[in-house]
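Trainee: Construct the complete structure from the given sequences, taking the supplied hints into account.
Residue numbers (my numbering), protein chains in the order written: chain A, 22 to 269; chain B, 31 to 252.
Hints are computed from structural coordinates only; laboratory data are not their basis.
Don't take every hint at face value.
Stated by the list, open to error - Short, incomplete list of chain B residues facing chain A, as computed with Cβ under 7 Å:
#1 F48
#2 L52
#3 N123
#4 K143
As the list claims (entries may be wrong) - Here are some chain A residues the structure puts well away from chain B; computed CB gaps all over 12 Å:
#5 L29
#6 F32
#7 F47
#8 S50
#9 T58
#10 E107
#11 L112
#12 R128
#13 S159
#14 A198
#15 N202
#16 I215
#17 E245
#18 V264
We treat Cβ as the ideally placed atom computed from N, Cα and C, and that holds for glycine.
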Amino acid sequence: MSPQEKDLYKFILIIAVVLGIIIAYFIFSIIRQQRRTLSLHQEKILAEITTLENERRRIASDLHDEIGPLLAAVKLQINSIDSEDESDKMLIHKSSTQIDEIIGKMREISNNLMPNTLVRKGLVSALEEFISAINKTSQLKLSISTDNNITINKEKEINLYRMVQEIIHNTIKHARATQLNINLYVKDNDLILITEDNGIGFNFDNRLRENSGLGLRNLSSRTEIMGGNYHFHSQPGKGTKYVFEIPL
Amino acid sequence: MATLGTIKLIIADDHEIFRDGLKLMLARQDEIELIGEADNGKDLVEMVEKLHPDVVMTDIKMPIMDGIEATRHLTEHFPEVGIIGLSMFNEDNLIIDMLEAGAKGYLLKNADKKEVLEAIKTVYQQDNYYCRQTSAKLAQMIAKSKFNPFTQKVRPEFSEREKEIIALICQEFTNKEIGEKLFLSSRTVEGYRMKILEKMNVKNTVGIVVYAMKHGFYVSPQ
Numbered sequence: 022m023s024p025q026e027k028d029l030y031k032f033i034l035i036i037a038v039v040l041g042i043i044i045a046y047f048i049f050s051i052i053r054q055q056r057r058t059l060s061l062h063q064e065k066i067l068a069e070i071t072t073l074e075n076e077r078r079r080i081a082s083d084l085h086d087e088i089g090p091l092l093a094a095v096k097l098q099i100n101s102i103d104s105e106d107e108s109d110k111m112l113i114h115k116s117s118t119q120i121d122e123i124i125g126k127m128r129e130i131s132n133n134l135m136p137n138t139l140v141r142k143g144l145v146s147a148l149e150e151f152i153s154a155i156n157k158t159s160q161l162k163l164s165i166s167t168d169n170n171i172t173i174n175k176e177k178e179i180n181l182y183r184m185v186q187e188i189i190h191n192t193i194k195h196a197r198a199t200q201l202n203i204n205l206y207v208k209d210n211d212l213i214l215i216t217e218d219n220g221i222g223f224n225f226d227n228r229l230r231e232n233s234g235l236g237l238r239n240l241s242s243r244t245e246i247m248g249g250n251y252h253f254h255s256q257p258g259k260g261t262k263y264v265f266e267i268p269l
Numbered sequence: 031m032a033t034l035g036t037i038k039l040i041i042a043d044d045h046e047i048f049r050d051g052l053k054l055m056l057a058r059q060d061e062i063e064l065i066g067e068a069d070n071g072k073d074l075v076e077m078v079e080k081l082h083p084d085v086v087m088t089d090i091k092m093p094i095m096d097g098i099e100a101t102r103h104l105t106e107h108f109p110e111v112g113i114i115g116l117s118m119f120n121e122d123n124l125i126i127d128m129l130e131a132g133a134k135g136y137l138l139k140n141a142d143k144k145e146v147l148e149a150i151k152t153v154y155q156q157d158n159y160y161c162r163q164t165s166a167k168l169a170q171m172i173a174k175s176k177f178n179p180f181t182q183k184v185r186p187e188f189s190e191r192e193k194e195i196i197a198l199i200c201q202e203f204t205n206k207e208i209g210e211k212l213f214l215s216s217r218t219v220e221g222y223r224m225k226i227l228e229k230m231n232v233k234n235t236v237g238i239v240v241y242a243m244k245h246g247f248y249v250s251p252q
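Mentor: Structural data, given as structure tokens:
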């Protein structure tokens, strides 16, 4: 090998190494960038959900602590009118009933925003309450079975509660099912939530692409921020099954 | 000074407008004299020590000292004072805490005049009062709680028919529905209901449910 050739090889080698380093650096940055985007994305979802739940809680407690007593006071004032006139009496009675209706509605709204049972007695009690309310009014029959001692933090409880709510609403709205079974139990270090209906099923990808996939997105976002996994089994005509695995 | 036979009352609530509403309503009642108002539990306790009321109506959620703690203190030091808890909606657990702390009754804040007066008079006579608007769920929670107002030694006897009707009342059936089930007129059922109320010494359906569950006449399905 002539010295020129040697130099050429050396040169090529150096170029190759430099190129290699540059390419490696690029790949490395792309991966890093992707990880950063993913964690940013998760932070964003987490922030959105946290803000949403905090706002709900605030509105619920404002209704309860501020507007409620005001309305009750108005009712007391109206009730203190002592009139012998029949039409006055009717009016007082009617107004009182209307105030009761407003308070009743407020109670409902406040409970939808942030169920009192969820805050005070935890996920299982809140789900049982929600399910028994649905069973009273809907064609869909719900059953739930749970482990007795599920201990998870409040944020996860709220997320799981919203997820079950979402699934129940989806089932009522789209599935044409008569039965929905909900299972909640602990396995190893995971909380497992399984729901199964006997409805008409759906095409998961189509649903996600349509606007109505908002509910499904909500399910996957909440699962994601809890660091969990999920899968759906649904085929037209064969019902829908959701499985979620959430680390405790 | 209170004249003989008037009920001396203190109310506690941190919403002035609500206290004003109550005050206005009670102002026209000769048999009830409002002797003090507090806007937190601590003031309430001090006021009771000074003024010795017969009945206290207190909000549950209040700043500085809440109604539950105040009730606990008052029950210990002034057991003769009848305490009524005042609750907004969605406070079932707080109502249970109030009753376990020693309150003799509770009212929802949107209770009407008749009921407020009935509650005050009932508690004044050392009986218990449950708000009419109590949900079935809350009635069951009360029945399952540590709260047990039934200390009378002589227990009334109930006939089989009465027991049957008690169980149906507990399942939230109306007089008419009970009548249809048992082939009785709804007026006959109403008669039974009055008799049951009297025997149990309670004022309304909620009282029947709590009594029935505490004494094993009715076991809730859950």
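Trainee: Next, verify each hint and record whether it holds.
Mentor: Outcome of the hint check:
no. : hint : in the structure
1   : F48  : holds, 4 Å
2   : L52  : holds, 6 Å
3   : N123 : holds, 5 Å
4   : K143 : holds, 4 Å
5   : L29  : holds, 84 Å
6   : F32  : holds, 80 Å
7   : F47  : holds, 58 Å
8   : S50  : holds, 53 Å
9   : T58  : holds, 42 Å
10  : E107 : holds, 17 Å
11  : L112 : holds, 14 Å
12  : R128 : violated, 4 Å
13  : S159 : holds, 19 Å
14  : A198 : holds, 24 Å
15  : N202 : holds, 18 Å
16  : I215 : holds, 23 Å
17  : E245 : holds, 31 Å
18  : V264 : holds, 28 Å
In this structure, only the earlier hint numbered 12 is contradicted, and the remaining ones agree with it.
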